[in-house]
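Asker: If you count the sequence shown from 1, you need to add 944 to reach our numbering.
Some hints could be false.
[Unchecked claim] With a straight-line Cα cutoff of 20 Å, these simulated SDA-like cross-link-like pairs (lysine to any residue) come out: (1) K1469 / T1451; (2) K1179 / N1367; (3) K1270 / D1255.
None of these hints come from the bench; they were simulated from the model.
In this text the structure is predicted, and so the values were computed from the model without any measurement.
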Amino acid sequence: MSVRNMESLFQPKSIAVFGTRNDTDGLAARVVYNLRACGFPGPVIPISAGASAVASAIVYPDSAHLPFAPDLAVLCTPFDGMPALIDDLGRRGTRGVIILSGDRETGCGAESPIPALLEAARPHLVRILGPASFGVMAPHLGMNASVAKTPAAAGKIAFVTQSRALASAALRHAAEEGIGFSYFLSLGGSADVDLGDVLDYLAGDATTRAVLIHAETIDHARKLMSSARAAARNKPVLVVKAGRGAASGSEDGKLTDLIVDAAIRRAGMLRVATLSELFDAVETLAFVQRLRGDRVAVLANGKGPGLLAIDALERSGGIPASLTPKTRATLADATGCSQVDPGLVDLLGDATADRYGEVLTAVLGDQGVDTALVIHAPLDDANGEEVAERVARAVKASHKAAFACWLGRDRAGPTRKILADANIPTYDSPEDAIRAVTHVTNYWKNQETLIQTPSSVADGFVPDTDHASAIVRGALAQGRDRLTIREVTQVFRSYAIPMVDTLTAKTPDDAARLGEALGFPIALKLLSGTPGLGADGSDVALDLGSVDEVRHAAEAMIRRLRDLNPHAQVEGF
């Protein structure tokens, strides 16, 4: 259904809020209060069977007494009466429903109310957000149909999360940082409206310039990737996805996360690690539209902060720029500065505003430099504002992007305003600045990946899909959800995908003989269907260089397997 009737959720002209009997201080009361407090311009209609007033608003007893059909209905009622209520609202003309009741697990199990809710909504094309949604906020429309205790300020960023708890935390963080939103919502259980639907809508929304996503799970992956690719072509889409680290709990979880990571990159989105990083990254992208490459020069009036930046750059996989001999000679002759490390120019502790400007002009003019990080520490009597003005002038003249790190300065100070007016983002530490540089370079790399077209199939090549399908069907018929190494090899060969030479052995001695035949070094993997095997990497040994090493590694794997499960079957190596 995608964006059909989504405007009823995001741009309603009238809203009805359904609460429980005598609901005077529950979810419904909070929603009514929020709608009235934010100045929603349309009618707000509370419905509760036993209350005469909710948040000082006149209450209707049930949907039959509604004077007209509201565009949006917010439901805070028990699930047993919801299907009939949604059907009645749909017949009257309501096309949007937000369900605040329940939790993320509401849709699980044989007794799930979700099928009945969708069955009631389907004939009327009613869109459902939830259950367990936090609600929707659209500050530019004066709309706060949520249970939030912290209102959202107006802005150009849309924030979408699956977690009600995370929504509250994100709102507080945004309020502290002065960040505003075009839309702020939580999906909850995504019975109907899911992340793909929301991305489709926000991709075409003129008030939204960037989309921030917090995702705990990825559902309907094919639909989501299609929506994400379309949205990422129009505006930045940034993702923080849980499950990256050891807490994923298994090799399967880590492998799945690697797949998610690759899909996010291929869709042109940017993945970050934390909530604060999510907001920092979108702010940086608002300043820096594009980098020509990822070669970074660091200028600092002190070697210590500069080396911290270079270390952070190398840890992040960045490339320290190498200045050409001509540029180095120019700097040495004009200023006495020298490039002390790859990518680092030490301006010395007595650097003046003029020296900053001259050196930065020369560095940005170097063909081997794509961007520069300027670090200023208050080591001398140099006026920070004068330094910022010279830096801003040099950046404007170069038409290359630059970043700044101003140590020991208030974020709201005049120095930072000078740099911001020149579209130079400023950070409190070298590490934060390098992280921002990495975000921008990774984002534009992903954007380039988005528009790449995979090479077409070679002329005359016909994959053996029947053979590959037969292998997969055979595994499923045996109740397996994994292929063996031999089966994987056969499937890959059916599509002419090259693989390293792979052989299977029954015993440690067989493995040693085959290893010698292949030629050392080799990798060895234990084959067994034992659950939990491999979570610590104990079923794989790499870089084995002799017959004895292979035999001993195989025997050690069997011992570890027996310790894990004395009855486990060894299928081979």
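Asker: Confirm or reject each hint.
Answerer: Here is what the structure says about each hint:
no.: 1; hint: K1469 / T1451; result: 12 Å, holds
no.: 2; hint: K1179 / N1367; result: 18 Å, holds
no.: 3; hint: K1270 / D1255; result: 26 Å, violated
When each numbered hint is compared with the structure, a violation occurs for hint 3 only.
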